[in-house]
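Can you join these two chains into the complex? Each is in its own frame, and there are hints to help.
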Amino acid sequence: MTDSVAVLKADIASQRLLTRKPISLWQDAWRRLLKNKASVMGMIVIGFFAILAIFAPVIAPYTALDVPLPSNTLRQAAWVNTGNPATTGDWRFPLGTDNVGHDVLSQVIWGARTSMVVGFIPMFMIITLGTIIGLTAGFAGGRVDNLLMRITDVVYAFPDLLFFIIVMSALRDTPIGQLLNGLFLLFVALSVVNWVGVARLVRGQVLSLKEKEFVEAARMTGASNARIMLRHILPNSLAPIIVVAAFLIPGAILTEAFLGFIGLGIRPASDPSAMFQTSWGMLLLWGKDAIRGQPWLLFSPAICIALIMLSFTFVGDGLRDALDPMMRGAS
Amino acid sequence: MSTYLIRRVLYVIPVLFIVALVTFVIMHATPGGPWDAEASKRTSDPLFLEQLNQRYGLDKPLFLNTDAFSEARVAGANPTKLMQALMDGQFPSYLWNLLHGDMGPSLRMKGRDVNEVMFLPSSGRPFWTSRFGTTALLGLLALVIALCVGLPLGILAALRHNTILDYGSLFFATVGYGIPNFVLGVFFIIIFAVWLGLVPVITPPIWMEDTNMPNLSAAFLPSLTLAIPTAAYLARLTRSSVLEVMRRDYIRTARSKGLSERIVVVRHMLRNALIPVATVIGPALAGLVTGSFIIENLFSINGIGRLYVESISRRDYSMIMGTTLFYALMIALANVMVDVVYGFLDPRIRMK
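These protein sequence lines map, in sequence, to chains A and B.
1 is the number of the first residue of the first sequence in my numbering; add one for each residue after it.
1001 is the number of the first residue of the second sequence in my numbering; add one for each residue after it.
The set of hints was computed from the structure by calculation and includes no laboratory data.
None of these values were measured; they are calculated from a predicted model.
Mixed in with the good hints, there may be bad ones.
To be verified - Just the calculated beta-carbon pair ranges, DEER-fashion: (1) B/S1093 with A/V80: 53 to 61 Å; (2) B/G1258 with A/I44: 49 to 57 Å; (3) A/M275 with B/I1018: 13 to 21 Å; (4) B/L1064 with A/M275: 40 to 48 Å; (5) A/W30 with B/L1140: 43 to 51 Å; (6) A/L230 with B/L1005: 44 to 52 Å; (7) B/I1275 with A/T88: 34 to 42 Å; (8) B/L1099 with A/N225: 45 to 53 Å; (9) B/G1168 with A/I44: 22 to 30 Å; (10) A/F55 with B/F1127: 43 to 51 Å; (11) A/I59 with B/S1300: 29 to 37 Å; (12) A/V80 with B/L1120: 40 to 48 Å.
In this text, a Cβ means the ideal position worked out from N, Cα and C, and glycines have one as well.
This is chain B alone, in the form it adopts within the complex (with noise of 0.2 Å):
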């Protein structure tokens, strides 16, 4: 089990490599660059934006720099000089210091790295309140309501097969899957904002002011959108698998033996039909995951995924490259707990 482990996490790097790869040759491959946008508007000297290529590495070779590592050589460096020099390229530095926990600096917010956008609140506030707690806990409070709408949902209308209850749960599940989520957000904005005026339309901060805490009046309807297709998703798996587990001959060997219905539901039939719907837990992470850049940007909430489309029409690379990889390691984590769910689960798979 723990070789199976190690293997499933380790597979986590050649996935951020690939990512970290294909976003630098995609951004790096178009014309011009991040300073564009601004140069109509000042008189972009060009010494002045040599200055700025220089100060952000943006003057070195992408990948390696064969002019340093000639040089080095004529002068006769040692082997590890060499090295340094040949790879004082932009995406070897950038690596470099990605796996030294820095992203590098923002391009666009003056003076702020991307780590510290992402991960640092605002100054004088609990490590919590920065932009990934905001995130997070979001994420979190989604699938909490996804687990408790989803799950009894299905159970229900499984035991209630063909009955009013599981049509309608089988409706909840059809129309929250298919419609996506935010343009659910907006009818729910229109609906209980706008018409019914029970919440603001912009939403109020995530964190209060002065305590801190989660406001979780704010955050309820930006989770509720959020958790919606998940929940549908759990709901639809759940009922299929109890109302599969319903027909095997130990459930029937359980009543005849004379157990109690709550005791045959719950031990017997429950513990079993659950398991196919643990193995997608891990996969409805990674859609909270990426549901929430579109649904903080919706309900206007700071939190990375707002950051993320924000740094897009800024243009902002090194911003867009951290939280691309951000994301990639959340979804790329979120695969892993699968496999090891499932290889906790069903040892057969294990052995592959």
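If we strip away everything but chain A, and leave its shape as in the complex, we get (with noise of 0.2 Å):
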């Protein structure tokens, strides 16, 4: 009898022993998300170009306004030789220069910044103004939630491109047009159309939850409305904010070089301590008419644009799945 009390209590202590430290959904998700080959990877590769980013006036050998050769030079990249020493590549310009002498290198790295500002301020902003209309309209209900749900009508009929390229060309000269050579105004009509798609998810989102039993509990407690909506049902649809979120960056950035390459993107910068100075988009743009002569041109921005537009797809597939386990392998 005493010994099978003992061998109770030592199974009972081994199994102590062997239950792990309890963990919150989020470091669940976070552990299913460096699980992912593909997601790490992408993550790496925006971290790369993020340090590319904000260190980019520190990397960049020039600025993009910077000549450091005379015109009409066009040189090659480093490792192709012409046989004509004006145009054979040289280590001074890893990537060649364009036919008015700026380094093509400096250039992509000031691009690397244009196209992660892009990416991320317009996502905070788009998420913030989302999210605070869509737990006022779900919330409220009524009036509030119909009118909401008429806008968010009348700007999903309007064709997001074309809304773009008529904001980018039609106000590109006025002085909103002209802040942070023009990347302002782009933030702004980038929200414009993309808060409503914010909107409407939160707004579902606390439709639901507004119903279930833990939302019950904690009115029963005496908690006001604002602690119930920032405290119980906000961090309940954190979740799919964050998946949406990471899919707004690249979007956001495959406009900017859309936009870019019509000539619509960020404007040239004149003044060589600009913040942003050249995009992905524009160097595109420019190296068009060079596409037989110096490739390089084209090819550099191009390799750019898909190495973080695959890794911001990658990092948002992966956090779909790490998020919600449900949806996985779906769509």
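Shown next, in the form of structure tokens:
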């Protein structure tokens, strides 16, 4: 008898040793994300470009406006030997120069800064605006909610890309269009179109969570509306918001590259100390005419756009799978 | 069904109205006018500018012409005349002309109408060689390529689940959807035209000069570039849809009845799996439509997309308005098509 009690005690003790520390939903999701190889690769690439973007003035040998070479030289990439000393590659300009004499490597590094900013800042603007409006509309219901739904109908009806093109082309020369070399206007245009989707998502979340028992329980303990919204409903709808945010970033970067390529993106800087001097889309546009003689002008920014877009897509897919295991493999 | 269909088609009208209104307001909210670009080049006599404005109706109020209205009222005109006077603003007259299929003269291409530039071919050539015809040809070719690549790839990937074929197609789908198609186009031009020399760098005319037939070898690379994101999207969707259907009970039943594998796959699996795929053909078309303005620009093809981008840089407002409305109409029609297909396939939608 005493034996069996001892065995039982030892058993319990060993089991206690075996139990692991409880982990939160977020830690769990983070571990799942780290298991996804594509996502980890994506995060590394994004980290690399983020460092380039932040330290662009230190890393880039020149500013995007510097002309270290006389014009009409069109130096090839460093490893290309054309036989002509004026165009053969030179390691001072690893990716060559364009026909004005700009260093391509420096321009690509400065372009990374524009792309990262265009990816992240509108995302924060859109998420903040959309979440606040969605929470309010979902919680208040009634007339506020109806108004929101009518507005979303109107915004959905307007094709996004056409809206960006019209806004960027018409307001380009106004004082607003010149702020931050035209990027401010792009942020506003992106926000005007995209907050709607976030607001709709958050509203839907609030409507379904509002009826859950834990909200009822919170209300019974005397929690105020604001407390219920911020401490109970918002944290529970964070997962889908994060997934949407992750996909907003590549969308914004793509839009900027697209607009830059048709000549409507960032305004070319004239001041070498400007924060944002060039963008990958604009480099593509400028390189287009030299595609035969100097494909590197297009190749470098094109590879950067492709890498960053793929990375954000991988991270977005990984986040969706990690935060919502039920969705795994769907779509 | 027919009331549902009519409702969906009528829905296009308010959409176009909103697009026209927003475009109009944004373009007229900006300082300066279409003549500013040349102001520095020539001596712009104020009288001359006034005449230009009169010629193009830019001297009228933007929306309601209250001046003409009160004048007409003082003159004691009848209600119809009063209404006409009130509506004699720029936006109402633009809409009125638009209803008659007239999008006005181009502000920058001298002596040419927007309609003419968009829809009429150069003289003596058949109607399908117009800019519209060019864009439509590219779009149709791209749709065919997207369907012929995307569907088989998705189906094969699902049937050979977790094999190298599956991973390959999933890789294609992710890369094709993740990388923007104009960037892919840049790679294609560099690889196929500059390095390999298989196609000319500047795409030759899409329509043969002599026979007026499509020049498929010229149109192939642009159409392929345009098609890739759509093909990738279709492949991804088809794969997951087939995978889901494969696990259903009726597939097991069909197999246990002793039906041949071919019949099970074609009649039981694909028929059901392709329903959700059919519904995304609409957005896919819309993607092809908006993809066209960058692809046409990249490959130097004279379609409506290139016209759009060019008129933006020239600030040709009437042309921007016309091409914007054209694209908005295409996208709205694509969306309506989705709803109609969905309504056919899933009767529950119609009840809402």
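So which of those numbered hints doesn't the model satisfy? 3, 7 and 10
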